[in-house]
Amino acid sequence: MNPNDLDFDLLLTPGAWTALWPMITIALGLMMLLAAEVVSSLRPFRSIFFLATLGVAALFELRILAGPESLTDTGGIVLGGALVADATSAVWGLIFLIGTALAFSYSTAYYSGSEARYKDEHDILMLTCPLGMMMMAGAQDLVVFFLGLELLSIPLYILAAYKRSDSKSVEAGLKYFLLGAFSSALFVYGSALLYAELGSVSFGGAAAALAENEMGSLAMTGVGLIVASILFKISVFPFHVWVPDVYQGSPTPVTALMATGTKAAAIAFLLNAFFLLPSSAANLIAVLGIVTMAAGYFGALVQDDLKRMLAYSGIASAGTVILVIAGALANPESLDAARTAALYYIGAYVFTITGAFGLIALFERDGQRFTRLTSLAGLATKRPAMAAAMTIFVLSLGGIPATGGFLGKWFVFSVLVNANMIGFAVIGAVLSVIALAFYLRIVITMWMLPADEAHPIPGADRPLIAGVATAVCVAGVILTGILPGLFI
Amino acid sequence: MFLTALTFLPLLGALAIALLPSADEKKQRIVALATTIVVALLGVVLFAGFDGSSASLQYIVDSAWFALPGAASIPIQFSLGVDGISVLMAVLTALLMPIVILSTWGHIDKRVKEFMIWMLVMETGMLGVFLATDLMLFYFFWEISLVPLYFIVGIWGGERRLYATVKFFLFTLAGSLVMLVGVIWLIYQSKTSNIAELSDFAAALSGTTQGWMFGAFTLAFAIKVPLLPFHTWLADAHTEAPTSGSVVLAGVLLKMGTYGLLRFGIGMFPEAAVTWAPLFMGLGAIGIVYGAFLAMAQTDIKRLIACSSVSHLGYVVLGMFALTQAGLRGSILQMVNHGLSTGMLFLLIGMIYERRHTRAIDQFGGIAASMPMFAMFFVFAVLSSVGLPGLNGFVGEYMILLGSFQASPFWASLAVLGVIFGAVYLLSATRRVLFGPLIHEANAKLTDMVPREIGMCIPIILVSVWIGVAPNTCLGKLDGSIDQLVDRLDGARVALELSNREQEPKLALQLAPKKGQAR
Chain A
1 MNPNDLDFDL LLTPGAWTAL WPMITIALGL MMLLAAEVVS SLRPFRSIFF LATLGVAALF
61 ELRILAGPES LTDTGGIVLG GALVADATSA VWGLIFLIGT ALAFSYSTAY YSGSEARYKD
121 EHDILMLTCP LGMMMMAGAQ DLVVFFLGLE LLSIPLYILA AYKRSDSKSV EAGLKYFLLG
181 AFSSALFVYG SALLYAELGS VSFGGAAAAL AENEMGSLAM TGVGLIVASI LFKISVFPFH
241 VWVPDVYQGS PTPVTALMAT GTKAAAIAFL LNAFFLLPSS AANLIAVLGI VTMAAGYFGA
301 LVQDDLKRML AYSGIASAGT VILVIAGALA NPESLDAART AALYYIGAYV FTITGAFGLI
361 ALFERDGQRF TRLTSLAGLA TKRPAMAAAM TIFVLSLGGI PATGGFLGKW FVFSVLVNAN
421 MIGFAVIGAV LSVIALAFYL RIVITMWMLP ADEAHPIPGA DRPLIAGVAT AVCVAGVILT
481 GILPGLFI
Chain B
1001 MFLTALTFLP LLGALAIALL PSADEKKQRI VALATTIVVA LLGVVLFAGF DGSSASLQYI
1061 VDSAWFALPG AASIPIQFSL GVDGISVLMA VLTALLMPIV ILSTWGHIDK RVKEFMIWML
1121 VMETGMLGVF LATDLMLFYF FWEISLVPLY FIVGIWGGER RLYATVKFFL FTLAGSLVML
1181 VGVIWLIYQS KTSNIAELSD FAAALSGTTQ GWMFGAFTLA FAIKVPLLPF HTWLADAHTE
1241 APTSGSVVLA GVLLKMGTYG LLRFGIGMFP EAAVTWAPLF MGLGAIGIVY GAFLAMAQTD
1301 IKRLIACSSV SHLGYVVLGM FALTQAGLRG SILQMVNHGL STGMLFLLIG MIYERRHTRA
1361 IDQFGGIAAS MPMFAMFFVF AVLSSVGLPG LNGFVGEYMI LLGSFQASPF WASLAVLGVI
1421 FGAVYLLSAT RRVLFGPLIH EANAKLTDMV PREIGMCIPI ILVSVWIGVA PNTCLGKLDG
1481 SIDQLVDRLD GARVALELSN REQEPKLALQ LAPKKGQAR
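One line per chain: the protein sequences are A and B, in this order. Sequential numbering of the first sequence, starting at 1, is according to our numbering. Sequential numbering of the second sequence, starting at 1001, is according to our numbering.
Just so you know, these hints were derived from the structure itself, not from any lab. Note that the structure is predicted; figures quoted are calculated from it, not measured. C-beta: ideal position from N, C-alpha, C; glycine also. Some hints could be false.
Quick list of the computed label-pair ranges, beta carbon to beta carbon [said to hold, decoys possible]:
#1 B:PHE1002 to A:ALA66: 36 to 44 Å
#2 A:TYR118 to B:LYS1191: 55 to 63 Å
#3 A:ALA87 to B:ASN1472: 55 to 63 Å
#4 A:TYR189 to B:ASP1062: 52 to 60 Å
#5 B:GLU1197 to A:ALA66: 34 to 42 Å
#6 B:THR1447 to A:ALA385: 38 to 46 Å
#7 A:ALA87 to B:LYS1191: 19 to 27 Å
#8 B:ALA1005 to A:GLY55: 38 to 46 Å
#9 B:TYR1163 to A:ARG372: 18 to 26 Å
#10 B:LYS1191 to A:ALA66: 27 to 35 Å
#11 A:ARG164 to B:SER1063: 52 to 60 Å
#12 B:ALA1204 to A:ALA87: 33 to 41 Å
Computed footprint of chain A on chain B, listed as stretches where at least three residues anywhere in the stretch have a Cβ under 8 Å from a Cβ of chain A [said to hold, decoys possible]:
#13 1143-1150
#14 1172-1183
#15 1201-1210
Next comes chain A alone, as it looks inside the complex (with noise of 0.2 Å):
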């Protein structure tokens, strides 16, 4: 499109307005949380600017949610293709909400001395990432994307670096940059390949060039370096060899936004842009899914560090996830159970994982940061309500009924049983016992192993606001296990 055809009044139709509504909420809050580090009256009300600047944006998801006539009419497509805004993009949005403000809550004690000096810097970052999510779970063009791939890498990066004086969390900060960076260049590139094949780089383009002609080996390696490169953020195997070290380096609630959002972001991404996937890559992709399970479950079993375990567990996870998108390949009519499920395993995901990494977030804060999985030795008798929660968190990574992780790996199961893929479904359920011999230590350590005298458990007061984030943790991981028709 030459720019001087640009025409703003029909880009910005009412439909464009709404679907926007809450990227620029987020804009205008981050603007406000500027404001409040220049401004010292507002600084007290940092935190509260954060959580309500989510909650006005998961109300304008909720209105995009609603289906308004302005966007059901393009079907959800605004800004001449560049951005779709239907229930889809929405439910995503509203966890990318959720996942922001939970990590963020976590947060608020977790930092101390110099670290807590700048924490505003770390909140302006953490608020820019489910701006940079929302766009990469909307976007319709590979370009758009991209912008918002780097939205949210880029802050991550810094975040994953923010504990300066800690090595550890230096080296995350370079590992997951370089490697980062990589990904990038290589979604560039191959996005550059595929305009000089398809000439369009928007979906809508694409899609009418593919249509006229088969794909060409040219666009074919473009399409094979973006799924590389998405692959790369999701971290499925072979590109999953980044996530132990920069999650356990990483401050702990930044891991818990990194573990989620980013993973979610991208795998809306291969969803909208499923139609690019062959077909032929179905038990391709199943059996990195496959492997990913395997290496991450395997790799978890020799962990005594509970940051790497849940880093290794991630990995499992995303093969998890993954194969949905090979079910989706095998049996094209299943595309839309494909995607309810990955927002379903996503969404209680998110509510899971966050809570386990926000406890441990807890522990590191009292004294010595220690992550190690004997310093949970003995916490049921001395905090059976952390103790608790945690299991609750353990048994959904495992995929306990009544827990939402049953339900998602059940529905995810579903799509590779629909479309045939059985063998794959029953190697999947047999990895899943591996997973629960891991998991089982936690529950061990935490329930059955006595508690270790040299560490004892700090009993200093929690943030209330850590609190209340666990209550909601536990009540979503619940709610998803035995309400599905709340959230379907």
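For chain A, the structure is supplied; the task is to place chain B on it using the hints.
Okay, now just chain B, sitting in the frame of chain A:
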């Protein structure tokens, strides 16, 4: 509503206990006991009100739960109901639980609150398994009921409790997850999750498909029972579990496996069941003898009873897969009997363990002199377990042997040998524990059973004698359901016969040219 109350009352009790202060152990115990007693009374009402002559579900609860997303949205119902098979299991569960809770007075003295919560959660899970009439709901309860026992063994168990509990959890979960894939396939193929509708759908599937589904389901149940190659987790779990955990495990949890085999393995896939019945009868019969040999070699009395469980459940499976009227009825009755007699044996062993802190058989001997009351109850439990006529065990075993002889004289004969072996190891263990000279001084001063302990055993004895003398009270509840099941099996046999006949000429044709080539 009645069944909803029955199922979730224990969960409510658990919540109530969770709200009590953790120091007030007495109140926690009382709430737990009161809850289970109310549930037991409801169970008796259920039993009395159930009409055994009808095959249809009774006391139905049915309300919408949610719909599975997808092109055809499949409704998942929250539906409970009882038929002849589940009513006995549910009532057994409800009746055993107060006894189990009462037994914890003797051996649970740390973290009482958590223990009571887990026990009550487990009761909800077990009742849910037996009462669910929606497949997804069943699976929910099925997996949930794993968790409480995991904690019970893991926290309050013996020395090797962690090994035992993880083994138990992973073994049973492995089977369950394979079943999960089967469950998903079945629900999406049939577009329903109602077990009755699913059974009709599944019974009409082709033989091969039924075979696969039968395999996926029965693997989970066979591990739970446990059938022969999967039995290794049981001895460990039983040995390490606290007394109350063992009673629940033997009394009810194992029955979930046999119940599943009957309800799903046989009820849903009758053709596959007919095809594979010889295998299961064989595994059952070998399990009887093998379990008996295992039991003979044990030096730990609790492990001995655990191995005898393998043997006794072999009868249940043998009779069930005889697929005859007598076999099926006998096996269901035997599930109840095993729950009563083995449950009581575990209770009694728990009592001497609490007094002597050992379970090694050679540490006892002659304790009949110091504990006459105990000796009487123990002998009763053993006789009920070996099947003395006039007690419950005899009726079940007799019907099973009768039924399986019709189906396979060979395996039935082997099982008869098992009866003899059973008498050998149980009676000799009784002799070594109770009678003979008092070798160990510590045994001379043992206090006899206290009223609480006697009170725990009396109800079991009453029910055992009642079943032994008037088995029709229980068997009568089975009439309608078993008749329907046998009809279904007859239909499957006819269908199999027909399809075999169709295949035979084809086979002959295929074989003929090959012979020609050979020349």
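Violations among the numbered hints, reported as their numbers in ascending order: 15
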